[in-house]
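Student: Given only the sequences and the hints, what does the whole structure look like? Please build it.
Number of protein chains: 2
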Amino acid sequence: MDNISSYVQENKKRFLNELIELLKIPSISADPAFSHDVLNMAEVVKESLEKAGCDKVEICETPGYPIVYGEKIINPALPTVLVYGHYDVQPPDPVELWENDPFSPVIKETPSHPEGAIFARGASDDKGQFYMHVKALEYMVASHNLPCNVKFMIEGEEEIGSESLSWFVKQNQDKLANDVILISDTGMISNEQPSITTGLRGLSYVEVEVTGPNRDLHSGIYGGAVANPINILAKMIASMHDEHNRITVPGFYDKVEELNTEERAEMEKAPFSLDKYKKALDIDSVYGELGYTTNERISIRPTLDVNGIWGGYTGEGAKTVIPAKAYAKISMRLVPNQDWKEITQLFQDYFQSIAPKGVRAKVTPHHGGQGYVTPINSKGYQAAAMAYKHTFGITPIPQRSGGSIPIVSLFEQELHSKTILMGFGLNSDAIHSPNEHYGVWNYLKGIETIPLFYKYFAESGE
Amino acid sequence: MDNISSYVQENKKRFLNELIELLKIPSISADPAFSHDVLNMAEVVKESLEKAGCDKVEICETPGYPIVYGEKIINPALPTVLVYGHYDVQPPDPVELWENDPFSPVIKETPSHPEGAIFARGASDDKGQFYMHVKALEYMVASHNLPCNVKFMIEGEEEIGSESLSWFVKQNQDKLANDVILISDTGMISNEQPSITTGLRGLSYVEVEVTGPNRDLHSGIYGGAVANPINILAKMIASMHDEHNRITVPGFYDKVEELNTEERAEMEKAPFSLDKYKKALDIDSVYGELGYTTNERISIRPTLDVNGIWGGYTGEGAKTVIPAKAYAKISMRLVPNQDWKEITQLFQDYFQSIAPKGVRAKVTPHHGGQGYVTPINSKGYQAAAMAYKHTFGITPIPQRSGGSIPIVSLFEQELHSKTILMGFGLNSDAIHSPNEHYGVWNYLKGIETIPLFYKYFAESGE
Numbered sequence: 001m002d003n004i005s006s007y008v009q010e011n012k013k014r015f016l017n018e019l020i021e022l023l024k025i026p027s028i029s030a031d032p033a034f035s036h037d038v039l040n041m042a043e044v045v046k047e048s049l050e051k052a053g054c055d056k057v058e059i060c061e062t063p064g065y066p067i068v069y070g071e072k073i074i075n076p077a078l079p080t081v082l083v084y085g086h087y088d089v090q091p092p093d094p095v096e097l098w099e100n101d102p103f104s105p106v107i108k109e110t111p112s113h114p115e116g117a118i119f120a121r122g123a124s125d126d127k128g129q130f131y132m133h134v135k136a137l138e139y140m141v142a143s144h145n146l147p148c149n150v151k152f153m154i155e156g157e158e159e160i161g162s163e164s165l166s167w168f169v170k171q172n173q174d175k176l177a178n179d180v181i182l183i184s185d186t187g188m189i190s191n192e193q194p195s196i197t198t199g200l201r202g203l204s205y206v207e208v209e210v211t212g213p214n215r216d217l218h219s220g221i222y223g224g225a226v227a228n229p230i231n232i233l234a235k236m237i238a239s240m241h242d243e244h245n246r247i248t249v250p251g252f253y254d255k256v257e258e259l260n261t262e263e264r265a266e267m268e269k270a271p272f273s274l275d276k277y278k279k280a281l282d283i284d285s286v287y288g289e290l291g292y293t294t295n296e297r298i299s300i301r302p303t304l305d306v307n308g309i310w311g312g313y314t315g316e317g318a319k320t321v322i323p324a325k326a327y328a329k330i331s332m333r334l335v336p337n338q339d340w341k342e343i344t345q346l347f348q349d350y351f352q353s354i355a356p357k358g359v360r361a362k363v364t365p366h367h368g369g370q371g372y373v374t375p376i377n378s379k380g381y382q383a384a385a386m387a388y389k390h391t392f393g394i395t396p397i398p399q400r401s402g403g404s405i406p407i408v409s410l411f412e413q414e415l416h417s418k419t420i421l422m423g424f425g426l427n428s429d430a431i432h433s434p435n436e437h438y439g440v441w442n443y444l445k446g447i448e449t450i451p452l453f454y455k456y457f458a459e460s461g462e
Numbered sequence: 001m002d003n004i005s006s007y008v009q010e011n012k013k014r015f016l017n018e019l020i021e022l023l024k025i026p027s028i029s030a031d032p033a034f035s036h037d038v039l040n041m042a043e044v045v046k047e048s049l050e051k052a053g054c055d056k057v058e059i060c061e062t063p064g065y066p067i068v069y070g071e072k073i074i075n076p077a078l079p080t081v082l083v084y085g086h087y088d089v090q091p092p093d094p095v096e097l098w099e100n101d102p103f104s105p106v107i108k109e110t111p112s113h114p115e116g117a118i119f120a121r122g123a124s125d126d127k128g129q130f131y132m133h134v135k136a137l138e139y140m141v142a143s144h145n146l147p148c149n150v151k152f153m154i155e156g157e158e159e160i161g162s163e164s165l166s167w168f169v170k171q172n173q174d175k176l177a178n179d180v181i182l183i184s185d186t187g188m189i190s191n192e193q194p195s196i197t198t199g200l201r202g203l204s205y206v207e208v209e210v211t212g213p214n215r216d217l218h219s220g221i222y223g224g225a226v227a228n229p230i231n232i233l234a235k236m237i238a239s240m241h242d243e244h245n246r247i248t249v250p251g252f253y254d255k256v257e258e259l260n261t262e263e264r265a266e267m268e269k270a271p272f273s274l275d276k277y278k279k280a281l282d283i284d285s286v287y288g289e290l291g292y293t294t295n296e297r298i299s300i301r302p303t304l305d306v307n308g309i310w311g312g313y314t315g316e317g318a319k320t321v322i323p324a325k326a327y328a329k330i331s332m333r334l335v336p337n338q339d340w341k342e343i344t345q346l347f348q349d350y351f352q353s354i355a356p357k358g359v360r361a362k363v364t365p366h367h368g369g370q371g372y373v374t375p376i377n378s379k380g381y382q383a384a385a386m387a388y389k390h391t392f393g394i395t396p397i398p399q400r401s402g403g404s405i406p407i408v409s410l411f412e413q414e415l416h417s418k419t420i421l422m423g424f425g426l427n428s429d430a431i432h433s434p435n436e437h438y439g440v441w442n443y444l445k446g447i448e449t450i451p452l453f454y455k456y457f458a459e460s461g462e
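Chains A and B, in that order, give the protein sequences.
With full-length UniProt numbering, you'll find the first sequence wraps up at 462, consecutive numbering, no jumps.
With full-length UniProt numbering, you'll find the second sequence wraps up at 462, consecutive numbering, no jumps.
No lab work stands behind these hints, which were simulated from the structure alone.
It should be emphasised that the depicted structure is a prediction, and the values quoted were computed from it without experimental measurement.
Treat the hints loosely; a few may be bogus.
Claimed, not checked - So the derived label-pair ranges between C-beta atoms look like this:
hint: 1; chain 1: A; residue 1: K108; chain 2: B; residue 2: E21; range: 39 to 47 Å
hint: 2; chain 1: A; residue 1: K357; chain 2: B; residue 2: E192; range: 28 to 36 Å
hint: 3; chain 1: A; residue 1: K357; chain 2: B; residue 2: N377; range: 35 to 43 Å
hint: 4; chain 1: B; residue 1: S239; chain 2: A; residue 2: T364; range: 52 to 60 Å
hint: 5; chain 1: A; residue 1: N337; chain 2: B; residue 2: E342; range: 36 to 44 Å
Just so it is clear, CB atoms sit at the ideal spot from N, CA and C, and this is done for glycine as well.
Tutor: In structure tokens:
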């Protein structure tokens with residue numbers, strides 16, 4: 001497999017152009033206005049898998065957006081790797097903050113990407129990362145270096161909760177049978193210090209609505225005598241954290257795993273500069289739960305964030321109104337052992353319990369998923385570590401991520417196999433933000449590293 | 001003047017149709033997109049004053065929207081009445097809650113308006129009410145019953161702060177010289193129990209912005225470690241009221257006039273049913289400052305209401321984002337003696353002082369005005385009271401209103417004359433709300449009552 005790096009260099013331009021084409025498709029799953037593009041994206045993924053060398057590729061219909069399934073079975077006796085990714089992307093807004101059109105990819109250099117980065121929505125999350133696997137397969141097939149069987153499962157609803165995927169997985173356990181699941185949808189510490197994500201936070205996403213009077217009111221005639229849904233919503237949101245920034249929802253922390261001193265000390269070994277962190281975000285101070293470091297706050301501790309809020313008059317100028325309703329989208333990041341459905345219920349009960357007389361509160365659960373931790377002594381993790389060591393020249397550090405890939409715990413439950421999170425992005429790549437990008441070097445390095453995972457995994461005799 | 005009622009009956013249809021034409025013009029001063037309509041509205045007002053019998057009508061340019069000035073001077077030795085009104089309207093949103101297009105007037109019966117009401121933005125506030133004065137003038141001129149001089153000043157920026165008006169008034173004191181100012185831009189208790197507004201609340205309207213990180217962030221990767229501008233804004237808003245619903249801005253209540261027991265007892269005589277009030281708004285409880293009745297809360301006590309809030313993802317579906325910024329529009333209703341500029345400064349200082357590390361808070365003052373109280377023993381008030389007594393058959397009750405007409409105190413200061421607030425609308429007319437309407441009966445009753453004010457005021461020998 002030593003010719004992998006030369007193969008990547010020879011095909012570099014084509015690999016980039018192919019990704020750029022994928023990035024031009026606005027496959028925004030959250031917004032029905034783009035459903036045509038999402039479906040179109042599925043077709044394009046199907047073709048790319050066929051070109052790469054899959055024997056059988058199909059677009060599997062679901063209650064929602066289709067799942068693209070492809071496989072290359074060289075010998076049923078050999079182990080099977082299941083590659084998961086998603087072809088949908090987050091909405092690009094606020095669009096005005098993008099330096100280029102989110103769906104007109106541009107390659108520019110950045111401090112952390114001296115060799116250039118591709119700027120576009122989905123560049124890193126997840127088109128750029130899942131496509132590395134397609135290109136890695138292309139190489140292994142073309143060079144007769146594929147050491148085991150491969151299955152691809154690329155979905156179109158990851159950014160909106162993967163509902164159809166769990167439906168699909170539950171009814172296709174045989175079809176999806178595998179020995180290890182491989183996902184590139186996370187980040188690593190830096191290009192100098194690779195890391196493998198061993199933990200993910202769970203998620204509970206809800207929408208809340210506070211209703212006051214049955215119509216918008218004149219704030220002069222009614223102001224002071226009627227509960228204002230915005231003031232009340234603000235008050236309710238504020239009361240969800242105490243003075244130590246701990247979440248006040250009763251029972252919220254009951255099942256949170258408390259790491260011991262050794263484990264916490266181990267975590268703190270990961271290179272991290274608080275100054276650089278604050279500088280990169282242009283903030284004078286971090287802000288979070290008392291008694292935990294920044295790295296702990298974003299990995300082993302649960303959170304409650306308002307992701308969106310709206311109500312009343314938000315247009316030009318002024319309107320002296322007390323609105324009938326106020327709304328917010330709220331998400332909680334959960335840690336292993338917290339059950340997302342249970343937490344959602346606790347939130348729902350608490351939110352309703354703190355609504356004062358004069359308003360009605362409604363909570364609509366949106367979606368969620370469980371947290372996940374993978375052991376670093378598994379053959380899959382070891383194979384991945386060796387692959388990184390081979391291409392980066394340094395052993396990757398195991399790291400907990402603050403993000404959520406809800407379906408990972410679903411996979412373990414339904415398919416009984418471990419997931420290895422081989423991410424090649426950087427936290428500074430601005431995923432879910434304006435000007436999302438993915439390093440050209442990282443993209444090519446990923447294509448180069450993945451085949452080595454197959455090699456070491458097959459050799460491990462799994 | 002006994003033929004006024006028959007004159008109104010004979011011309012009823014025409015009076016309604018003329019008002020309906022005015023209501024078709026979307027003269028929304030807050031939204032620049034409608035500037036053409038606002039300017040067009042000024043032209044239409046000019047023509048209506050000419051038709052009604054003004055000798056001299058002009059459209060006076062200002063730094064903002066023009067002011068329509070008209071006059072009918074029959075004898076400089078006689079007293080002069082200055083009529084003020086505004087031809088601009090509030091934005092109609094949320095448009096989806098209107099039963100008819102806000103600018104396609106419809107006449108429908110309602111429980112409080114068995115003879116029908118005109119549904120349209122501006123029907124009561126203030127097109128329907130200022131136009132009563134135009135029609136009253138038409139009658140007095142046509143029937144040679146005009147007992148004194150009249151001046152009209154109709155502006156186009158009342159809903160956005162009347163900035164140009166104060167500029168205009170300050171440089172036209174001679175032109176606007178008068179003995180009493182007459183305004184119909186308020187309401188009365190009911191069609192059975194008329195009332196005259198003797199007090200108005202002041203206003204301070206600001207826009208606030210809370211900035212956290214320099215870009216939107218992924219709530220998984222950064223959630224828990226970075227101050228979320230929405231959570232912080234909610235916390236800051238919540239901390240602006242204490243557990244007794246008193247405003248916590250230091251110094252806010254320093255100049256608030258405290259009424260004595262007699263005055264408060266007098267106020268409570270106004271007919272009011274808390275059950276009906278709650279039923280009309282479909283709320284299970286009122287909500288406000290501890291120790292004060294609903295009527296007091298909306299008249300003699302200051303307030304702080306959020307009129308609009310926005311930030312983060314508010315579109316379809318879900319987006320797990322920590323936004324860079326969150327915003328709110330906040331207005332405070334003030335009572336006599338509170339200086340709106342001073343209060344705005346106090347708010348600004350306090351809001352900035354409670355912003356935690358990790359965010360930056362910005363306050364942009366929008367507009368404001370002083371509160372106002374008019375004595376009930378003035379000749380103007382007495383003339384108005386007699387006019388109502390004449391047409392309603394019952395003496396009106398003096399009443400403090402919770403609303404604000406900032407320019408009233410400006411008039412007193414610059415033109416040294418008292419303002420009489422002869423309002424004919426009802427609180428249930430939904431001004432500033434979807435489905436604003438104005439009773440046909442009230443409209444015609446107003447046209448009938450206004451000439452009597454002129455009669456009694458002229459006779460009073462002012």
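Student: Of the numbered hints stated earlier in the document, which are not met by this structure?
Tutor: 1, 4, 5
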